[in-house]
Amino acid sequence: MELQAVLMAAGGGSRMPDLTYNTPKPMLPVGNKPLMWYPLNLLERVGFEEVIVITTKEVHKMMSTDPKMKDVKMKLDVVCIQEDGDMGTADALRHIQQKIKTDVLVVSCDLITDVALHEVVDLFRAHNATLAMLMSKAHEFTDTVPGQKGKKKTAEQRDFVGVDQSGKRLLFMANEADLEDGLSIRKSIMRKHPRMHIKTGLEDAHLYCLKKAVVDFLADNKSISSIRGELVPYLVRKQFSKTTNSPKIKDDAEDQNQKTIDELLISSRDEPLLQLAQERSCWNDHRGDMSEAYHGGKLRCYVHIIDQGLCYRVNTLAAYIEANRLAPKLFEEPAVHPSAVISERCQMGSDSIIGALCQVADKTSIKRSTIGNSTTVKEKVKVTNSIIMHGVTIEEGCNIQGCVICSNAVIGRGADLKYCLVGSGQQIEPEGEDQISFIHIMQCSNDKPVCFRIVRKHRLVSSY
Amino acid sequence: MADSGVTDGLCDTDDIERSKTEGKELTKEEKQRLRKEKKHQKKIKEKKDDAASHEDEKKKKKKKEEKPVGAASQPPTQPSQKAPAPAPVPVPASETPALADKPAKSKADLKAERRARQESERASKQGKKGDVGQPVPTSKPKAPPSELQPVVKRLPEHVQVDNPDVLKKLAKKLERQQIPLRSDYGYKVSLFSHLHQYSRKAPLTQQLGIPSTVIHPAIVRLGLQYSQGIVAGSNARSVALLHAFKQVIRDYTTPPNEELSRDLVNKLKPYISFLNQCRPLSASMGNAIKYIKKEISNIPSQCKEEEAKSKLLSCIECYINEKIILAAKAIAKYSIEKISDGDVILVYGCSSLVNHILCEAFEKKRKFRVIVVDSRPRLEGREALRRLVQRGISCTYVLISAVSYILPEVSKVFLGAHALLANGYVMSRVGTSQIALVAKAFNVPVLVCCETYKFCERVQTDSFVSNELDDPDELIVTRKGKTQLEHWQEVPSLGLLNLVYDVTPPDFVDLVITDLGMIPCTSVPVVLRVKNVDQ
Chain A
0 MELQAVLMAA GGGSRMPDLT YNTPKPMLPV GNKPLMWYPL NLLERVGFEE
50 VIVITTKEVH KMMSTDPKMK DVKMKLDVVC IQEDGDMGTA DALRHIQQKI
100 KTDVLVVSCD LITDVALHEV VDLFRAHNAT LAMLMSKAHE FTDTVPGQKG
150 KKKTAEQRDF VGVDQSGKRL LFMANEADLE DGLSIRKSIM RKHPRMHIKT
200 GLEDAHLYCL KKAVVDFLAD NKSISSIRGE LVPYLVRKQF SKTTNSPKIK
250 DDAEDQNQKT IDELLISSRD EPLLQLAQER SCWNDHRGDM SEAYHGGKLR
300 CYVHIIDQGL CYRVNTLAAY IEANRLAPKL FEEPAVHPSA VISERCQMGS
350 DSIIGALCQV ADKTSIKRST IGNSTTVKEK VKVTNSIIMH GVTIEEGCNI
400 QGCVICSNAV IGRGADLKYC LVGSGQQIEP EGEDQISFIH IMQCSNDKPV
450 CFRIVRKHRL VSSY
Chain B
0 MADSGVTDGL CDTDDIERSK TEGKELTKEE KQRLRKEKKH QKKIKEKKDD
50 AASHEDEKKK KKKKEEKPVG AASQPPTQPS QKAPAPAPVP VPASETPALA
100 DKPAKSKADL KAERRARQES ERASKQGKKG DVGQPVPTSK PKAPPSELQP
150 VVKRLPEHVQ VDNPDVLKKL AKKLERQQIP LRSDYGYKVS LFSHLHQYSR
200 KAPLTQQLGI PSTVIHPAIV RLGLQYSQGI VAGSNARSVA LLHAFKQVIR
250 DYTTPPNEEL SRDLVNKLKP YISFLNQCRP LSASMGNAIK YIKKEISNIP
300 SQCKEEEAKS KLLSCIECYI NEKIILAAKA IAKYSIEKIS DGDVILVYGC
350 SSLVNHILCE AFEKKRKFRV IVVDSRPRLE GREALRRLVQ RGISCTYVLI
400 SAVSYILPEV SKVFLGAHAL LANGYVMSRV GTSQIALVAK AFNVPVLVCC
450 ETYKFCERVQ TDSFVSNELD DPDELIVTRK GKTQLEHWQE VPSLGLLNLV
500 YDVTPPDFVD LVITDLGMIP CTSVPVVLRV KNVDQ
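Residue numbers (numbering that gives the first Met the number 0), protein chains in the order written: chain A, 0 to 463; chain B, 0 to 534.
Honestly, I wouldn't trust all of these hints.
[Unchecked claim] Below 27 Å or equal to it, Euclidean Cα-Cα: the simulated BS3-like pairs (lysine-lysine) are: (1) A:Lys211 - A:Lys74; (2) A:Lys136 - B:Lys200; (3) A:Lys100 - A:Lys237; (4) A:Lys56 - A:Lys69; (5) A:Lys297 - B:Lys200; (6) A:Lys198 - A:Lys136; (7) B:Lys200 - B:Lys187; (8) B:Lys481 - B:Lys110; (9) B:Lys171 - B:Lys187; (10) A:Lys167 - B:Lys200; (11) B:Lys479 - A:Lys167; (12) A:Lys167 - A:Lys98; (13) A:Lys366 - A:Lys379; (14) A:Lys241 - A:Lys198; (15) B:Lys167 - B:Lys44; (16) A:Lys198 - B:Lys171; (17) B:Lys439 - B:Lys332; (18) B:Lys171 - B:Lys266; (19) B:Lys310 - B:Lys337; (20) A:Lys100 - B:Lys200; (21) A:Lys191 - B:Lys310; (22) B:Lys481 - A:Lys167; (23) B:Lys268 - A:Lys198; (24) B:Lys42 - B:Lys110; (25) A:Lys198 - B:Lys530; (26) A:Lys136 - B:Lys481.
Derived by calculation from the structure, the hints in this document are not laboratory data. Being a predicted model, the structure only gives us computed values, none of them experimental.
Build the full structure now, drawing on both the sequences and the hints.
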């Protein structure tokens, strides 16, 4: 087997706590499909037959009941881990080290993309790379997000990514947070690659092809806990560090049993034959200096940057809303689920999606919205630009604009909501006039809203 | 390499045709008659002189697979296949009277020779079981095998791309093997429209599933490296191919009820088709594949799997060692005799063998300087230049358009070869024939260095018939931000041609340095014949 797929679905969704309070992030509905269905679908389309899914028990339970997940024809090998949140992605890989027999393809559950996966994997195969990853041009989300007061988000830490002339070889990667006193580039890198392009507008798609030796290396080095945060920068740096040509000279402080990543990579069989083939080949990946192909380095990291096409990581509310709008375009599925009951006098825009078993009554208008499964929408309701999850009841005469309404909420008669985020199981009282912008209703453990952020007061929806 | 035809002139008796078309086993009498006719024909042809070839070997193998296998009860008739049987076959005693019955056109000594050959072969085959796994007895003590039969040779598929039937056949074959078909790209110049032309930007992996299950991952990786040019150069491609085969053999397990010797060869066939789609196979790769297939078929069926696998792996190691590494050493030794102090040596492109020779000569303290000639679009000369300068050899670098200006300074020309054809022509990187031509005009000796495993039985006198077309977009160059040829496809009267190989006639080549020694170009058929005898 060439590659094993690993889906990381244990993440908490820490950047959108309101949405994930009741529903774990992998099961958030996007276009009426659970979020983790999208990467699974990508893997299935490309030809994988088995995926190792690392997730929590809760998600595993929800997966087994979800109808959409049953459409997934691949064999899912679910590994449950604790939800305490201490396990990073690299820790999870270390946890399943025994199952890993070949090179791995690690995907995050919140990736929605239509990229041709073979581009990333071809880099991995052709150059015998240690790491191949996917990055995309970062998107600016322009829609107003409920709950946001309109001010710019606090400093999203930028990523500085350095690639070589061809745009494929990854030379440098650092996060702004780690670069307190400026960006310094080692002379060894500059000597080998005098032309480097540094980009900051890139977003990491969290899709990595890793060699098996890396997983073995992780097993030995327990200090690395996150793939993105620690492993990738480590590998990128290690490309240019002095290779251990003489393995006998080791640091005394280093544990003698710990193998460095170089040794693990070099200890492949038939290395002399590969060397011979490379020597005899008249190809070089660079020119202008006296060194051989790849500068003789064994560790190589490659990146594939896409600037066209869909590639989203749904880890913030804005991304979630954008994804809901765009994800349905990936598939040629009917906008209205066949089991939904829609009355004739309902106006439905073409970009709206209605889920299964919905009931939409007369004189409603639904534009640019997503309506989840088993939702009831009564008469004279106007829904625009909103995301309504499963099991929601919207009574007559409501006017919902730009909202995100989580599952099992009840919107009372005549409520008027603009740019609101209604938590799970919440009830909006009838005649609730929320011409109020940005009311944020959160849910706490005893089902009572805990706090609000009120910008302008007209009439509170519920007071505590 | 030209494939041999299925039909040959032997099968012209009506009843044999009839029984064949009826799908029945030929009766014993018919088979005897067939054999007699074959031998008769062979004797006629034996008088003529020609080059030995492996064609009948291949045909035999093919036929062996086609013929119904259940010939256990008729071991004597096993070899009675349509392929001319120049090689001795185990003929039981009952057959020898049949030989004696032959029309007295045979000369007595030929008969005796043949009988002696058959005896020896029978003796060597005593221990072997499994008639299907039997390799073609390849030793041909008497040189001219009956290649001179009126064989209808079929053109290989890769030079018939403009024939839709051939394409359909190819598509069917690939579908059977579950390999995607790579589509041609762009407008092909009419003279070369019979060849494939692929785009580098459309790799074959686009159509494969990602965890490739049909094709071994090592082969997918190799195919990618071929199509992107990461592994380029005859020797490198062969070594990489053998390395990938080693991995395939290591990961191979014999399915139940199958024999390793047959099943492994069948497993390799789709891989070879895949590699062919990624980039047409080179002559050296073809010879390496033949060798491996022969070795696999030679595995006795009672051999255990582990033992068989380790034997195959060591065979591969041995092949690489002998044919590439040691051959390079031998060639270097011979060439160094030809390099004297004060020489100015001209090399073209990047030939791993020529670079090796020059580096060795430099180690042996010869004083010479090198002129590296380079050409677009590959510009491989830069890599050769780097390797030579790294060793400390003083070099000059020119483009091929300057060759006639630089030649008055040159004392010798060393060229590498992709393959040496059976009529003495040298197939090498495009531009080589020009260099040889100009060198001849200036009376500069041209020496071609080539290992014997690159000798192939193909015959070609021009570069049109069989060649390789590379991606035409490689010719496009961007200078000062402007790409003039960017929209070349929209200009109806414009075609871009990116040839890879050309053939140099033997009149322009003064000497060929091989691991067997220094030979003139016209002795290539002799070497091929000697090679066959050895095998």
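Going through the hints against the structure:
1. About 21 Å separates the Cα atoms of Lys211 of chain A and Lys74 of chain A, which keeps this hinted pair within 27 Å; it holds.
2. At most 27 Å may separate the alpha-carbon atoms for a hinted pair to count; Lys136 of chain A and Lys200 of chain B meet this at roughly 22 Å.
3. Restraint check for Lys100 of chain A and Lys237 of chain A: the C-alpha separation of about 24 Å stays at or below 27 Å, so the hint holds.
4. For a cut-off of 27 Å, the pair hint linking Lys56 of chain A to Lys69 of chain A stands: about 18 Å separates their Cα positions.
5. This hinted pair checks out: Lys297 of chain A and Lys200 of chain B have alpha carbons roughly 26 Å apart, not beyond 27 Å.
6. The suggested pairing of Lys198 of chain A with Lys136 of chain A holds, with an alpha-carbon distance near 10 Å, which does not exceed 27 Å.
7. Proximity of Lys200 of chain B to Lys187 of chain B is assessed by CA-CA distance (about 17 Å); at most 27 Å being required, the pair is judged to hold.
8. About 75 Å separates the Cα atoms of Lys481 of chain B and Lys110 of chain B, which puts this hinted pair outside 27 Å; it is violated.
9. For the hint linking Lys171 of chain B to Lys187 of chain B, the alpha-carbon distance of about 24 Å falls within 27 Å, and the restraint holds.
10. Distance hint between Lys167 of chain A and Lys200 of chain B is fulfilled; the C-alpha atoms sit about 14 Å from each other, no more than 27 Å.
11. Distance hint between Lys479 of chain B and Lys167 of chain A is fulfilled; the C-alpha atoms sit about 23 Å from each other, no more than 27 Å.
12. For the suggested pair Lys167 of chain A and Lys98 of chain A, the alpha carbons sit about 30 Å apart, so the restraint of at most 27 Å is broken.
13. At most 27 Å may separate the alpha-carbon atoms for a hinted pair to count; Lys366 of chain A and Lys379 of chain A meet this at roughly 14 Å.
14. Taking the CA atoms of Lys241 of chain A and Lys198 of chain A, the gap is about 26 Å. The hint holds against a cut of 27 Å.
15. Between Lys167 of chain B and Lys44 of chain B the alpha-carbon distance is near 37 Å, which puts this suggested pair outside the 27 Å criterion.
16. The hinted pair formed by Lys198 of chain A and Lys171 of chain B fails the criterion: a straight-line CA distance of about 47 Å is larger than 27 Å.
17. Distance restraint check for Lys439 of chain B and Lys332 of chain B: the Cα-Cα separation of roughly 25 Å lies within the 27 Å cut-off, and the hinted pair is therefore satisfied.
18. Proximity of Lys171 of chain B to Lys266 of chain B is assessed by CA-CA distance (about 18 Å); at most 27 Å being required, the pair is judged to hold.
19. Note on Lys310 of chain B and Lys337 of chain B: the hinted pairing is violated, with a Cα-Cα distance of about 39 Å set against a maximum of 27 Å.
20. In summary, the hint linking Lys100 of chain A to Lys200 of chain B is not supported, as the alpha carbons are separated by about 31 Å, beyond the 27 Å threshold.
21. A hinted pair counts as satisfied when its Cα atoms are at most 27 Å apart, and Lys191 of chain A with Lys310 of chain B does not qualify at roughly 43 Å.
22. Distance check on the hinted pair: Lys481 of chain B and Lys167 of chain A sit about 23 Å apart at the alpha-carbon level, within 27 Å; holds.
23. A C-alpha spacing of about 46 Å is found between Lys268 of chain B and Lys198 of chain A, which places the hinted pair above 27 Å, so the restraint is violated.
24. Proposed proximity of Lys42 of chain B and Lys110 of chain B is supported: the alpha carbons are some 10 Å apart, at most 27 Å.
25. Pair hint Lys198 of chain A plus Lys530 of chain B does not hold up; C-alpha atoms about 59 Å apart against a cutoff of 27 Å.
26. The hinted pair formed by Lys136 of chain A and Lys481 of chain B meets the criterion: a straight-line CA distance of about 26 Å does not exceed 27 Å.
Hint violations for this structure: numbers 8, 12, 15, 16, 19, 20, 21, 23 and 25, all remaining hints satisfied.
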